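Got chain A sorted already, so can you dock chains B, C and D onto it with the hints?
Protein chains: 4
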Amino acid sequence: MSKIKVSVVGVTGYTGTELLRCLLQHDHVEIKYLVSRQHDGTPLSELFPRLSHMDGLAVTNTDHETVAAESDVVFLCLPHKAAQEVVPNFLGKTKIIDFSADFRLSDKETYERYYNIPHQHEDLLNGRFVYGLPEIYRDEIAKSDAIANPGCFALLVQLLLLPFKGKMAHADVIAISGTSGGGRAARDPVDHPFCSGNIRSYLVNNHRHTPEILASSGLKEEQLNFAPTVGPFLRGIFANGFIKTDAEPNLSVFDNHPFVRIKDNVEMTHVVSTNFIDLSYTRGHGGEIIAQGALDNLLRGASGTAVQNMNIMFGIDETEGLNFNTAIYP
Amino acid sequence: MSKIKVSVVGVTGYTGTELLRCLLQHDHVEIKYLVSRQHDGTPLSELFPRLSHMDGLAVTNTDHETVAAESDVVFLCLPHKAAQEVVPNFLGKTKIIDFSADFRLSDKETYERYYNIPHQHEDLLNGRFVYGLPEIYRDEIAKSDAIANPGCFALLVQLLLLPFKGKMAHADVIAISGTSGGGRAARDPVDHPFCSGNIRSYLVNNHRHTPEILASSGLKEEQLNFAPTVGPFLRGIFANGFIKTDAEPNLSVFDNHPFVRIKDNVEMTHVVSTNFIDLSYTRGHGGEIIAQGALDNLLRGASGTAVQNMNIMFGIDETEGLNFNTAIYP
Amino acid sequence: MSKIKVSVVGVTGYTGTELLRCLLQHDHVEIKYLVSRQHDGTPLSELFPRLSHMDGLAVTNTDHETVAAESDVVFLCLPHKAAQEVVPNFLGKTKIIDFSADFRLSDKETYERYYNIPHQHEDLLNGRFVYGLPEIYRDEIAKSDAIANPGCFALLVQLLLLPFKGKMAHADVIAISGTSGGGRAARDPVDHPFCSGNIRSYLVNNHRHTPEILASSGLKEEQLNFAPTVGPFLRGIFANGFIKTDAEPNLSVFDNHPFVRIKDNVEMTHVVSTNFIDLSYTRGHGGEIIAQGALDNLLRGASGTAVQNMNIMFGIDETEGLNFNTAIYP
Amino acid sequence: MSKIKVSVVGVTGYTGTELLRCLLQHDHVEIKYLVSRQHDGTPLSELFPRLSHMDGLAVTNTDHETVAAESDVVFLCLPHKAAQEVVPNFLGKTKIIDFSADFRLSDKETYERYYNIPHQHEDLLNGRFVYGLPEIYRDEIAKSDAIANPGCFALLVQLLLLPFKGKMAHADVIAISGTSGGGRAARDPVDHPFCSGNIRSYLVNNHRHTPEILASSGLKEEQLNFAPTVGPFLRGIFANGFIKTDAEPNLSVFDNHPFVRIKDNVEMTHVVSTNFIDLSYTRGHGGEIIAQGALDNLLRGASGTAVQNMNIMFGIDETEGLNFNTAIYP
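Protein chains in written order, with the numbering used here: chain A, 2 to 331; chain B, 2 to 331; chain C, 2 to 331; chain D, 2 to 331.
The reader is advised that the hints may include incorrect statements.
Only pairs whose alpha carbons sit at most 20 Å apart, straight line, appear in this in silico SDA-like list of lysine to any residue [stated by the list, open to error]: (1) Lys245/B to Glu222/A; (2) Lys245/B to Arg284/A; (3) Lys166/B to Ala216/B; (4) Lys109/D to Pro80/D; (5) Lys245/B to Gln224/A; (6) Lys221/D to Arg284/C; (7) Lys245/A to Gly288/B; (8) Lys245/C to Val205/D; (9) Lys245/D to Arg284/C; (10) Lys264/A to Arg201/B; (11) Lys264/B to Phe49/C; (12) Lys6/C to Asn62/C; (13) Lys168/B to Gly288/A; (14) Lys264/C to Leu48/B; (15) Lys168/A to Gly288/B.
It should be emphasised that the hints constitute simulated quantities derived from the structure, not laboratory data. Source: prediction; values computed, not measured.
Next up, chain A with everything else stripped away, as it sits in the complex (with noise of 0.2 Å):
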């Protein structure tokens, strides 16, 4: 088989070095161009000391167009706006997997009411991009070439919430996220010392990451309270959830779905540097259910979802690059 020819727009950030990493030791993978407007050519190893040994590949700030000619699929590592910008430049040319939340919504409204800016593409909304959520929309997802990934929040909470789907009366979800989730942008709240030692909840009820939630569970706003959380831990989300509703967890829904694992405990530290996501179920009291859930924000709450849609867009093995047997323990 010949190997995809992949280029990474945005490599810089923890996401784009976490797919980096996925990439490097799949099988069926050539990597064409990493690409960043502020660098060209500088050898990887220079921009990442960490990356020292690896000396064939640098950063370049080539043009789309060769990017989008020349590569079978490009990964958009960049936050929302900027992506926006860029995706006409590889849209219908090349097949793209989009790590920004700008084509996430099919709603213009929603988007502007979250993000506080004007989208730019509302033609694109429609569902020319699919949501990458292989546990949901995996037949989807094969048949497109343009794919929005999801938010690490909204992905851990929609497959809490998936067994229940069309049966909650309400649900109330706590989800502690560690400092990684912020991305690489120094700033005050990802300090060190302002983190060390602190848990503290932020944009409760209005997260981002709402929208994607509704969408795909059904739940009216009306009928969820989200609790985004910041722990003084590095890399996981744990997610804490208690629905209301009669009806058992129809846990067929994960079937065939390789990196769901049903568990009577979720640890976070079984599924960080794997990409996992386990799940729990137990009947508490007055109807309600106690669901938790963890994953790796950076691998399955980005970059490994997206090598798993990347996988699903080219017929091969959901697994392939993805294959951390083992948690790293302890």
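For chains B, C and D alone, coordinates are given in the frame of chain A:
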């Protein structure tokens, strides 16, 4: 004013040393005996090299009769079961503040169900001890000579729910504790490698602090879900409650209680190393209140509250010995 | 005794808030002005939600003339260069304790080499300021009205070497600081994700605290190697020195210095949250002394020493306001 | 190529599970037996819930005769003393890679002095085992059927000193390890509360890895000071050496060794989760070289090196099963 003669039985655990830290900066206290069965005459500075500057204090195996006779108040920092066995040595002879769970509940059956051991002193469960939560029982504490100091999770959750007492249909609570909550007893689940970067719940709806919460909140067992959780940090508990209620929070319950602060946002590092409990309440979707709270589990969650109780019992300023004015920051 | 009127210029950084924590529990201090150019009349409780219980204090942009006139002592918690600019507003008009590096060195050329900016006040470098290390210069501090408070690394290393003053052939020192040593200035190297689990040295033999160490130790530059290092924790410095000397340590230099403890083993958590410096000395192989020391970088390494200096300047007990009797444990 | 049949004795400790992680992604390995006395037939997924997706593997109490007969190589992940007792069951019958200290030294007396137990197999100390440090003894490893895998501290320090072999007058080394270096044996010094925020040295100049360092470096005991230290993190060792030498480092010793990288600056997170050792050398003052190095103590410091040794013994690519191309970041 003459000094209060204070003794501590079981000084070598985490709550014992934290209590000592408070007592040593208490202007109205004289430390009489630090009692431990394992040590007789060992200088404190030898037991705890961090206290090497405290020449004068030693840990002794003084008989309880002498301790009771010569102390105005005795703090019992022993685990449950061990406390039961020694309580008769002190009760009625001096004032007692008991850190254990042995006299917190009013009902032998509930005790035995949660603690899995027989209770030896059913006669002492009917009001002989006052539950030492000053924000609820201050008047009773003032008149009592025997206090059952609350459990750390229980203390925080009770105050979190207090503004809705009698007006809740249901409450779902998750509370995340630091690893010092496990006490000083080396075993696998508190190993540093096991705890680093980990979050996990345990004993969901089965934690021993549950009946304390039910007793003061007026909730029935089937109205409460409680998920005790351990996180990768040393000190502090962060609690998040989703409370089903139409009522607005009655914050006047905290009037004249110097250690409760109502905040817009709760952050754990705002309370760790202080005796404060921070609480916040916001109206969520679907008739739910999103309530958050935090405290330092060893200080306000145990030893600080014990000192509050002592201050109230002796009619002195409730904040004496607890004037840690500012949380250590960063 | 009437209270000392104290003002703080630059109260919002880490050392400023730590100083405030000390001053608030100092029995002989009255806080006069908390000065910051960015805030005029902002309640402290608004600037720092963790201080929401402190109603009475506000941060103001009071002119320096007024501050000097109405204060018995002014603490300048400003970075170098900024300190130089405001020192003339206070010098000779009130007592000054300056946290910056601007008046620690006696030599304009050395200053300019290490700090890469011109020094505006060469005239003030010849003894106008006393170097504020009480264990060495207590008598001079007592007579001075202008103190240059030491750098945190410099303070620890100087005391580590002090018992061998004049008798060392060579010293090799590595000192590992917590991330709070970097100050409150969000930037990549202090991000939580960057610091978590990381250790790295920086500015080896080129750190700005080096000339302070040389000045008091009597070592020449070619006799000292100094590797400043950052570790994955919040507070504390742990120093390890290999000292080439035939002499035994002269520990009498620490007689009557209440904040230095000589230990068999140094542990960082024994000093963090206290004003102690712990030191140990053992004879190694090949004529080397293995010296270890630790302190809390924000407390004893900055604000605690500043309070010691104030106490000495005003002739009151050196430990006043610093009676954190016990390190927070665990 | 037919697969190498591999068995592991003592798979439940930290090095055992880390070894398993490597073997599971090794293309030329077939796992034959995972042996543990405590478990017979327990699925791995039951012992380690993090491995719940690995249905096929079980831990058994298979007799050693069978294990030896059916395995091409056996890894012994047992503590010292326990290893001695079982080595005769395997030696000469199959290839052995022993993680313990029992066969690392060539001298019974030194062993007994450092380990405080008698050595039962003096006859096996004279070259029967090859010391498994590939960067020094690769040729001997290739020809041997019995390897003594190095200690983690020893491995790093030996490579740190190697470029100066025979040319050092003296070396002073401090090495800081994460808490996973203590192994999976719950006890006070590895408790999370005890380790959080702490740094402490132990067994200075008396650590059991010392004789391994002396053996390969050519240093005499009186020429080396070694301060083993534990820091508040999970994985990794960071070593700092001050080396008295006039020689320049002979970096050619690392030619053709794929897992050693010479860097300008060493950072611990650049190597944790990889099999790399990063080293840096700078000329300090007074004829000293400042040498720094780092590795992942469980991977390169134990199980990764063991896999390297296996690869060399079987004549396959040294990096096989160790292609963790990129350190997990952040």
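Taking the hints in turn, this is what the structure says about them:
For a cut-off of 20 Å, the pair hint linking Lys245/B to Glu222/A stands: about 17 Å separates their Cα positions. Distance restraint check for Lys245/B and Arg284/A: the Cα-Cα separation of roughly 18 Å lies within the 20 Å cut-off, and the hinted pair is therefore satisfied. Taken as a hint, the Lys166/B and Ala216/B pair is honoured in the structure, with Cα atoms around 11 Å apart against an allowance of 20 Å. The suggested pairing of Lys109/D with Pro80/D holds, with an alpha-carbon distance near 17 Å, which does not exceed 20 Å.
Between Lys245/B and Gln224/A the CA atoms are separated by roughly 13 Å; this keeps the pair inside 20 Å, and the hint holds. For the proposed pair Lys221/D and Arg284/C, the alpha carbon gap of about 17 Å is at most 20 Å, so the pair holds. Using a Cα cut-off of 20 Å, the hinted pair Lys245/A and Gly288/B holds, with the two alpha carbons roughly 13 Å apart. About 17 Å separates the Cα atoms of Lys245/C and Val205/D, which keeps this hinted pair within 20 Å; it holds.
The hinted pair formed by Lys245/D and Arg284/C meets the criterion: a straight-line CA distance of about 18 Å does not exceed 20 Å. For a cut-off of 20 Å, the pair hint linking Lys264/A to Arg201/B stands: about 12 Å separates their Cα positions. The suggested pairing of Lys264/B with Phe49/C holds, with an alpha-carbon distance near 12 Å, which does not exceed 20 Å. Proposed proximity of Lys6/C and Asn62/C is supported: the alpha carbons are some 18 Å apart, at most 20 Å.
Proximity of Lys168/B to Gly288/A is assessed by CA-CA distance (about 19 Å); at most 20 Å being required, the pair is judged to hold. A hinted pair counts as satisfied when its Cα atoms are at most 20 Å apart, and Lys264/C with Leu48/B qualifies at roughly 14 Å. A C-alpha spacing of about 19 Å is found between Lys168/A and Gly288/B, which places the hinted pair at or below 20 Å, so the restraint holds.
Hint compliance for this structure: every hint is met.
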